[in-house]
Amino acid sequence: MKITLRKGLLLFAAILGMASAQAQTVSGTISDANGPLPGASVLVKGTTNGTQSDFDGNYSLSNVSGDATLVVSYIGFKTAEISVNGRSTINVVLEEDLQALDEVVIIGYGATTVKDATGAVAAVTSDDFNVGAIASPEQLIQGKVAGVQISSNSGEPGAGIALNIRGSNSIRSNNNPLYVVDGVPLSGESNVPTIGGATGGNSARNPLNFINPNDIESISILKDASATAIYGSRGANGVVIITTKSGKTANEPTIEYSSSLSVSSLANGLDLLDRDQFLALVGNVGGDVQAADAGANTDWVDYISRTAASQNQNISYSSKLGNGHIRATLGYGKQFGIIKNSSFERITGRINATQRYLDDKLTLNVQASVSRVNDEAAPLSSTAGFRGDLIGAAYSANPTWPADPNYLPGGSLINPAVLLTRTQTLTNTERALLNASLEYEIADGLKAKVNAGYDESRSLAASVTNASDIAVAGVNQGQTRGNMQAIEFTNRLLEATLSYNKTFGAVNVDALAGYSFQSFARSGTFATAAGFASNDLSTMRDQLINSTRTTRNSLQGENFQQFGYDPSSAGSNVVVNSILPTGDNRFISETVRGDKTGLVAALAADRFNVVDDIQSYFARVNLTIADKYLVTGTMRADGSSRFGPANQYGYFPSGAVAWKLSEEDFMGDAFSTLKLRAGAGVTGNQEGLGHALYLRRERFGGVGISDNYDVNFIINGPGVNVVSNPNPDLKWESTISYNAGIDFGFNDDKFSGSLDVYQSNTDDQIIGLPAAAPAFGGSIILNLPAEIENKGVELALNNIWASTEDMTFSTAFNISYNENIVTGLNENIYFETGAVNGPGLSGAYAQRLSNNVPLFSFYMAEFTGFDSSGFPTYADVDGNGVGDPDADKKYVDADALPDVNAGLSLNMTYKNWDFSSYFTGQFGFYVYNGTANAYFTKANIVTSRNVTTNVFNEPEAVGSSLAVSTRFLEKGDFIRWQNASIGYNVPLSGDGVLDNLRLSLTGQNLLLFTDYSGVDPEVSAATGDLGSGVPTSGIDYNSFPRPRTITFGINARF
Amino acid sequence: MRTNRLNLFLSLSAAALVAVSCTDLEVTETDSVITPADANGSTFVGVADVDGALNAGYGTINGLYTDQAGYYALQEVTADSYLIPTRGSDWGDNGLWRQLHQHEWNATQAFVGGVWGGVNGLQLIMSEVIDPQSNASSTQKAQAHFIRAWSMLTILDLFGQVPVRDVTLALASFPEVLTGADAVAFIAGDLDAAISGLPAASDFASREKATKEAAQFLKARLMLNKHIYTNAGAADASDMAAVISLVDAIGGSHSLQAGYFDLFRDTADSETIWWVGASVGNNIWNGMHYNQAPEMAGGGWNGFSTLAEYYDLFEGDAFSNNLDEMGMAADGQEERRGGVPQAGSLIGDIPGGSDGNGDGYADGSNIGNGFLIGQQYDYDGTPLQQRQGRPLNFTRGFGQFSNLDANGNNTSPELINNPEETGIRVIKYSPVYGAFTPHKIAFRYADAHLMKAEALHRSGNSGQALTLVNELRAIRGAQALGSISDQDLLDERARELYGEFVRRTDMIRFGQYTRGWELKASASVGDTKWNKFPIPLAQLALNPNLTQNPGY
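Residue numbers (the numbering used here), protein chains in the order written: chain C, 1 to 1054; chain X, 1 to 552.
Calculated directly from the structure, the hints in this document are not laboratory data.
Keep in mind the model is a prediction, meaning the values are calculated, not measured.
Heads up, a few of these hints could be off.
Under the rule of at most 30 Å between Cα atoms (straight-line distance), these lysine-lysine pairs were calculated in the DSSO-like manner [as the list claims (entries may be wrong)]:
#, chain 1, residue 1, chain 2, residue 2
1, C, 911, C, 971
2, C, 245, C, 361
3, C, 447, C, 502
4, C, 890, X, 428
5, C, 750, C, 245
6, C, 890, X, 532
Residues on chain C that point at chain X, a partial pick, calculated with CB under 10 Å [as the list claims (entries may be wrong)]:
#, residue
7, 67
8, 607
9, 610
10, 648
11, 698
12, 840
13, 843
Don't be surprised by glycine CBs; every beta carbon is placed ideally from N, CA and C.
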């Protein structure tokens, strides 16, 4: 769906005719290149006489003077002015507006254009989406919008993506924006479980994986409070509104088919020692070469990686249907990771339909999608300890080991071949998202709408390890183990809105009032089993699921929290821990008869089931005065079941004004657009809080199976715990933000842009602290009197360099600067985070959060070189004369958040060819190279672990300690040539069945410019927070490398 | 018709909207028992399941006893009994272990914070059980009194001050802080309640939970250390008399038993007063080398080692601690020092042993007991190697390999930069009986026996004390002592109770915790601030009733 240029000029056909002063009725059809445009505005110039086109694009306007001029407008299209010249039938074809300022922005409960917006908003439509192998919706707009930092956590297919709008407002891990898909705000919690396996399990998955990127029409980003306050308590981190394609532009049944084939390979690697170099270095450091030599010559990174082919198929059908239209799509994609045993498969189906009734006064809109996602995860873990995970093991594996899955190296080290062949982690997720709305036009300009949304997801992740004949990472030889987690998730939405849009003289009033209720129900089962009847991984997975289901289904009632059996449980005895709804003792642990499959020796399962509700009232008024002065006011009241009676409701007001200077007569013609904007507002945050923390909740403790296959609650009796320290005073985090901006355009907006400055302050930071002892286990979640301040500048510039029939060339550039700081935090309170993992690094960390520092500030010893014996030396901070890496830590004036994000897109078309390219860059941040800290030192070569070639020349002494220090802290600045695509529209006669045929070739992650010594500086491994609850950023540890991908695509329309 | 359907849809939508409108947003009990806060902000209305809370309490204790980090590290690694050298990249761990042994920790030390939170949490749960609103039975209450006393005594011993929370107040209120005599009195009160309310020990399995004897033992320990907690200088005679009578009471149903290493199994013996269901695995594997019984679950972690001076407290050869083919001491060592076998045992010779890899030998039988020094052997008698191919020869000294002399002492000892083979290893629970058997001894009669001897000695009755000590030594196959001194008593406890969570407390009681030992930081020697751990920094901000211990 590239922009075509065939809409060269407006087709003001049949302009000529006899002028007539006689009033008459004019009718006709408004359309664009693809078909009729419903809802376009038709106005007799200089009067208030106007109407809107109906659903088929038809309009009829009476009492039109024969010499009048009609003004026809529709958002996203150039406004047309047409002289009536006495005609009674005037058909108008509107031209799509290429200028960025006319881009339609879907705002909460409505739409506007960048030109008419009062807040900081941006939109990217399908024409401008990134192309290539796209796994998730965020990638479509990566780098396109100033102030929006989108980073995939790794190159793992289906892995999570961090989308950060204007910095981080929250200490804890919830800086994700609110996602709204076709009007349904999604839950902030992941619907896909993460599950522990031999070395960790699957990583967090992208919550938007269920959406087929091919179905998306546009993505709007609401950045400031004046825009997001309509979403109140969920708007503090910005709002991303995803709108899917409808069939409304299809005049006749259209089938579109697109297909792509991608090939991915390792883009950047590490320079590890080969067999000969390795043995030479072992000898150099005084090791026993003979003992270190297992005889083979294996390139372990090569062994675990591969060149992977991926495919993506989409077919869509759109048509007018009855009194409306429909679009149906099917999508299939399978992406293989460049590390073996990782893949992502998605099957999606979607139907979007609209029907009109009662003389088009009543409109029914339905958007329904179903998806199935199958994830396969390699045994990777950012929290892997001394043994490492698959990637860490491949980096450090002795290159003389044979590439043999039956080879067991001594010393608890991991043979990567063993990990690959004896572990399996698969996740299946089914999700249905349905949304139906009814809108009724009660009177001219007054509409009532009821919207119901239903979002259901069922996901099951299972990880199994077969150590029956050889030890596998953390699982001892002779054992077979499996963990599974199933999560069911139902999110219901019911919304009612009343909107009113009317022009009174020079004043247009656009008002909205609404009520919304949303409930989020989550339930799930965690099960762990040991001692499987089979050693085959797929069979073990079936046995795990089967045993859990069989036993669960044989138990009476629904009140049980836990059930399990182990080798000590005789016959069909199952221990069940139930929580009864009433009674004196509501916790019952009993042995009952239950069905066992006999497929596992020990099984323990634990269930949960919680519901959280949000209820909201909201209103918004937009005033447009003389098309020059824009005023917006918003108010939302949100009530949440996550807070106690005293703080249940939060109130989130906002306001904004804009002045279209370019509409003023005194401005002349220098600017085609000039608008000043200013706004302020309050938004809230309650995401990721967990269930009912203001109440005392008691449950049975967790489940586990010991190395002896004893289920913990059978051996020691179940314990009942208070889930967390209750805090009746818990309340909303609130963010006050200010935004001022200017939108400008020159030369008919061929050159345009916007500049924004903002500041936001988030108070009452929600975070867990250890409660004042004595307290229950875990922390108490409370509102810290601490503030996070973010301020920044964003600049976006768009230029159309050439725009002729044969050739167009345009560029879009954006750059943003953000800084943040924590203030007002008690000096005795600090949070250690950014765990550094690896051999001898238990409890090691690289970051600390305390007062007056930016989030993700690095805190560690300052490395000052090696002494004459080759031992590392460190700066002395405490003044005792000795530089100790543990005692002499300090802030090292470095943090992990990029100060500057920039993106540059180039778009060019020439006749039937089109070309686009996109560069991205991040600057002013540091990365801790935890991989090097863990593996690439002389100390590791002594224990027969492989290292990178640079270790050869390090003056480091063998066995020098490996504390966290600035030795492994590096600048992360980079520029990435992210994307280049060339496409060709095959010229067609128009007589055949094909309407359109396009071929394309796209390369992704083509070049990386950086001084960072690791694989890729754009990483964020969740290495752990040492219990502080403060997330980690900017730590590189065994990161899944980003692939370089070449995609061939074909797109045909019939 | 279509319009009718639509009207129906519209009406249903409207009805649905009305139905859910204006919800009270109250949380329903879907998977837990929920209690809202009262007007004072307290959410406590009694424990919903007393047995569940008690079990959770025992679970917490099991966790504390399982790990070699946390409580064990604070009691043993900070004393002269263990050190964990950094071996290449291994066991650096952010300096955690090194700081403990060298006495250089501070108020942000991770183990200190973890133990503070976990052990204090135990007190709160038990206070809830004891509160009348929980309607606990008298036996349940007695259990709770015992666990609370254990928790508070542990905190008092480590930190010198105990925060106490009134369970009926809001969690936001500041807990009161008890010190010195007040704290001792509170704990003693709990123990008296436990002693009177708990049943006497019956079978071996019953000793996994608190018994009358366990409460008597804990009170004896409290009284023996009371003068330290109250900063009284010397032990009070009446306290010592209390220790003696408490131990005598325990002696009614417990006694010393011959066969030292058989005590550390999950089979019945006459010494165990309280055992916990904590896995013995960490205590086995934290010191073993990677190549010792690698086929066994767990495998060696090659960390924990002891000091040569601790090893030298025992009778026997200073450089060799071998067993002969019959498993008998070959180097003149007493039974408690154990020894290194020259080969493994055939599976048929070890009842209860396992042979997972089917090599005919009982798994782990080549490792031995007690103190492992010098060359270690594989099952078939082959000398084991470390991973660089050198002999696996555990040394007395620590530091770089090139600085080791012929006797395994190091001419320039260091805690960092160690090769794999430095350090004498200690193993009390044998892997032959399971790599992760959930059975660890918390209280043992030999400890009570030595407490009584010490109380007699402190009361001026050294003659009876000597008799008691020699009674134990005779059972352990050690030569009788001719006289008894403070040092003798401390050393006897070191020989009998190594690795049993008491070394730090013992050394403080005998005034030796601040003395110098191998690889302790010289600046820390003689500084009494190390006798108490610092209050974790954040706690000072959260509870103004706490004051930081002097020196931190």
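Enumerated hints in conflict with the structure, sorted upward: 1, 4, 7
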